[in-house]
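Protein chains: 2
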Amino acid sequence: MALRSLLAQECTLPDRVYFYDTTLRDGEQTPGVALLAEEKLEIARQLDALGVDSIEAGFPATSKGEQEAARLIAGAGLKAEVSALARSIQKDIDLALSCNVGCVHTFIATSDIHLKKKLGMSREEVVQRAVESVEYVKAHGLKCEFSAEDATRTDPDFLIDIYEAVVKAGADRIDIPDTVGVAVPRAFFHLVRNVTERIKVPVALHCHDDMGLAVANSLAGVEAGAQELHVTVNGIGERAGNASLEELALSLYALYGVRTGINLKEIYETSRLVSKLTGVVIAPNKSVVGDNAFAHESGIHTDGIISSPDTYEPLPPEIVGHERKLVAGKHAGKHGIDAMLKEMGLILTKSQLDEIVGRVKDLGDKGRAVTETDLFHIFEAVTKSTAPEKRRIELSDLVVVTGSKTTPTATLKLLIDGKEYKASEFGIGPIDAALKAIQNVVGDVTKFKLVDFKLEAITGGSDALANVTVKLMDNKRRTVSAKGVREDIVMAGVEAVINAANRLLLLNSLTERTSA
Amino acid sequence: MALRSLLAQECTLPDRVYFYDTTLRDGEQTPGVALLAEEKLEIARQLDALGVDSIEAGFPATSKGEQEAARLIAGAGLKAEVSALARSIQKDIDLALSCNVGCVHTFIATSDIHLKKKLGMSREEVVQRAVESVEYVKAHGLKCEFSAEDATRTDPDFLIDIYEAVVKAGADRIDIPDTVGVAVPRAFFHLVRNVTERIKVPVALHCHDDMGLAVANSLAGVEAGAQELHVTVNGIGERAGNASLEELALSLYALYGVRTGINLKEIYETSRLVSKLTGVVIAPNKSVVGDNAFAHESGIHTDGIISSPDTYEPLPPEIVGHERKLVAGKHAGKHGIDAMLKEMGLILTKSQLDEIVGRVKDLGDKGRAVTETDLFHIFEAVTKSTAPEKRRIELSDLVVVTGSKTTPTATLKLLIDGKEYKASEFGIGPIDAALKAIQNVVGDVTKFKLVDFKLEAITGGSDALANVTVKLMDNKRRTVSAKGVREDIVMAGVEAVINAANRLLLLNSLTERTSA
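Protein sequences, first through last, are from chains A and B.
If you use the working numbering, the first sequence corresponds to residues 1 to 516, in order.
If you use the working numbering, the second sequence corresponds to residues 1 to 516, in order.
Be aware that one or more of the hints could be misleading.
Any copy, or any two copies together, can satisfy a pair, since identical chains are not distinguished.
[Said to hold, decoys possible] In silico DSS-like links for lysine-lysine, alpha-carbon gap of 27 Å or less:
hint, residue 1, residue 2
1, K405, K422
2, K265, K422
3, K342, K476
4, K325, K276
5, K117, K138
6, K366, K117
7, K422, K168
8, K342, K325
9, K405, K117
10, K325, K413
11, K447, K79
12, K91, K436
13, K334, K200
14, K143, K436
15, K91, K413
16, K471, K454
17, K436, K79
Don't read these hints as lab results, they were simulated from the structure.
Just so we're clear, the structure is a prediction, and the values are computed from it rather than from any experiment.
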């Protein structure tokens, strides 16, 4: 491949790249995010299973809780090195030392902007403080990594001077942060190469994503001989965040063929855990871990995927523990929709298929995302003769009450195959109560449990549409999902569960018929 | 700057880069997205105001609605060129022509993988079809852009052959798509340079973001002389999406100093419109347009921002129509919290400030994101002598009823300054009804309107926490926001509005006192 020879010719690629994960430090600095010490520990254990080399557990000078979390992680017996951040100030370093970590990551700003406007210090003073700090850490027998904050806006000669000074003082590794995310790969490559040629300890990179270039800059730095990458899960962090662990791990593996300690299969799981605990949502189009990263709707793409996934996927989703998804919709072609129906166990004639594809496109033209449930109902309508004509479960009546002094309660009547069932349940909220009442009634006909409940974010007014997706699993471990879209959040949740329960029943009867 | 001389030395940068926006075609192919023709037109008008050079309005062969939308946009009198996609098939091109667009973008796959596994065609057949298609478009007097699908996995010599053939046939521009997102900037630069040196029409790039490198690859291609970039707003599109318009526009402006037609100030607005109409959420850490792209919480960063924003921001947020946000939280330092309180009109003594900072950090250590309302309450508690001691509005009782045959209704009792008020209202959902009832009662004391209601996505079970943020505006056009977090969605919404209303009242009385 062309890249291999280019890399050999133009680059000084290291044998192995080390991942220094700062999800718990720079990632937690994401505005609005705050993790409990136990949550930090849970993430740290997962990062250890993922195989990162170092875990930056926190910035102890921030707060007592931050110190407690760092101490907890340092004492958890992880394989990864546990590190803590400290300004080049003795008080900060003492707090880091008190957490019993294995490494102190100490930093001071080196750009003229920061020297003048933030620190009010001369270059000489900055070097002196950096050197004293490194010596202080090393005097305590710990590993020490030194960062020159805002390195990419620092005079390149001064940058080399301060790195040389701290290495002489005993720094084990030096780090080049692109603090405000203004580096460009082509220039960053030269900046990093200048450092790796002059500085004889491992060089780390810490890139921010303000222009969307954090991953590319990190890779350009690896091409220039950097051996360590500062990363965060899902690319969270200050402002637009840090370089994303998952994108770097995958591209080093798949494109560069460089060794890392990352167990790729744990990537998806790690991503979901961090999103859940930090509350930072993952956009569906997020590379590697987004919901759509391996999803296909358009006809040309699903056709390709069906004949051979490598036509439209750079790598199979299983590599990172994710999964492939074919989606019905206006862009879907005949082959894709046929494959989706077949996966549900439904066999069609050519004319039935044409009719279904036409109706799917009509729905899409009306601005509707076509769910699997829609596809099912269209199938039902088009193949009337062989499929049951109506939904077996219908909501006949529902009343939900909640309030400040009221236990949320739902009372409902359902018709199942025309026969009326009633139930009343309370819950911790109105939706929870309603779902319990439905489960109570429908449980007699088909056993299922709710495995996922997802309410999409609502922005705008209190009268915006609520969009609920639920996933149910029956006792044969088959899952179905369905959606409810209403202006009333409670009704949207109820609609989704009833739609899904109907689909489960339909799936049973239809697969029996078409396979007969 | 080092980059400038590098670019002059190593690159062949064009004078101006043209933006070919495919939000309405590749962007709409995002699985699960479907836009109405009128919505597409609304986005097209905004793209025109933003200053893109070409708008790919759709893929007419997909559906009738797709044709209608393309026709609508082509006839809207926009400044931008309007283009439509067509496979290298006469039927597709005829449908594109029927939409009265100014340009047809025709494509055929050229990689061996696609030839063997998808098309079942030889290279010769592919070239013939490509040439015939271009000739057919040109015979109708339209502009024609040709894409060699999966170019980055195509034999480089064959790639040049087919481009030479279509240019000879009259193609006005040729496009290099990285269809499955496997390019690396260093290699892509050479691939593109090889094409720009050999092909004498403008060269376009169409990059996908599977490894997070779409933007970097596009920039590397520009360094190699490409003049046109295929982009989408918010980087939506197939799988992990396309190169993001906003990241490319900003980096070309700020880092490369290359001219484009983009009116940067319209970026934020455009991004929100596309997110609203497509339903594809923007992660808070999305570069340039995410909620946090210009937000700061940590003490070191807010300190810097307060003394000079360029310490921790690559560019001021106003450039793209976004805004700066300082956030209270465990990482916040003294200066940041002082600045936030001052912005609310509150002046403190040093010891009061120390006490407040300590309490903010304690809340953060408990895993709590600290909202402005929290900050307010802490201020209240710490400065007891000068501030009112309690909230003026308290919820005394609330009952909400909804259901399948019930109009959602809320009845509530509020205590305002200890006096009881009652109201009952109906709405389109239970939250809407409750908010109307609150507005009804509180409107007597202070005039406000609800300007934003945001419910964060809930994933997990129906018993997950609901997190509602509301923004209210009073008649002096001051806005406050507040949060409600409850297991009961309805109660979370009510709590948020009451918190915000209290803040409005508090803001009035406190600013009067401290400025006195």
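Quiz item: Is it within a copy, between copies, both, or neither that the alpha carbon of K325 lies no farther than 27 Å from that of K413?
Solution: neither (35 Å within a copy, 49 Å between copies)
Quiz item: Checking K471 and K454: alpha-carbon separation at most 27 Å within a copy, between copies, both or neither?
Solution: both (9 Å within a copy, 24 Å between copies)
Quiz item: Is it within, between, both or neither when you check K334 against K200 at 27 Å Cα-Cα?
Solution: Answer is neither: 60 Å inside a copy and 39 Å across each miss the 27 Å cutoff.
Exercise. Up to 27 Å between alpha-carbons, please classify K447 paired with K79: within, between, both or neither.
Key: Classified as neither: same-chain Cα gap 43 Å, cross-chain 59 Å, threshold 27 Å.
Quiz item: Should K265 paired with K422 be assigned to within, between, both, or neither, using CA atoms and 27 Å as the limit?
Solution: neither (46 Å within a copy, 57 Å between copies)
Quiz item: Can you tell me if K342 and K325 fall within 27 Å by alpha carbon in one copy, between copies, both or neither?
Solution: within (14 Å within a copy, 51 Å between copies)
Quiz item: With identical chains treated as interchangeable, where does the CA-CA distance between K405 and K422 reach 27 Å or less: within a copy, between copies, both, or neither?
Solution: So K405 and K422 pass the 27 Å test inside a copy (25 Å) and across (16 Å) alike.
Self-check item: Homomeric proximity label, K342 with K476: Cα distance no greater than 27 Å
Solution: within (18 Å within a copy, 61 Å between copies)
Self-check item: Homo-oligomer pair classification [K168, K422; C-alpha up to 27 Å]
Solution: neither (79 Å within a copy, 74 Å between copies)
Quiz item: Using 27 Å as the alpha-carbon threshold, which applies to K405 and K117: within, between, both, or neither?
Solution: So K405 and K117 fail the 27 Å test inside a copy (54 Å) and across (64 Å) alike.
Quiz item: 27 Å Cα cut-off: does K325 pair with K276 within a copy, between copies, both or neither?
Solution: both (22 Å within a copy, 24 Å between copies)
Practice problem: Using 27 Å as the alpha carbon limit, work out where K117 and K138 are close: within a copy, between copies, both or neither. | Solution: Answer is neither: 30 Å inside a copy and 59 Å across each miss the 27 Å cutoff.
Hint check: violations occur at hints 2, 5, 6, 7, 9, 10, 11, 12, 13, 14, 15 and 17; the rest are consistent with the structure.
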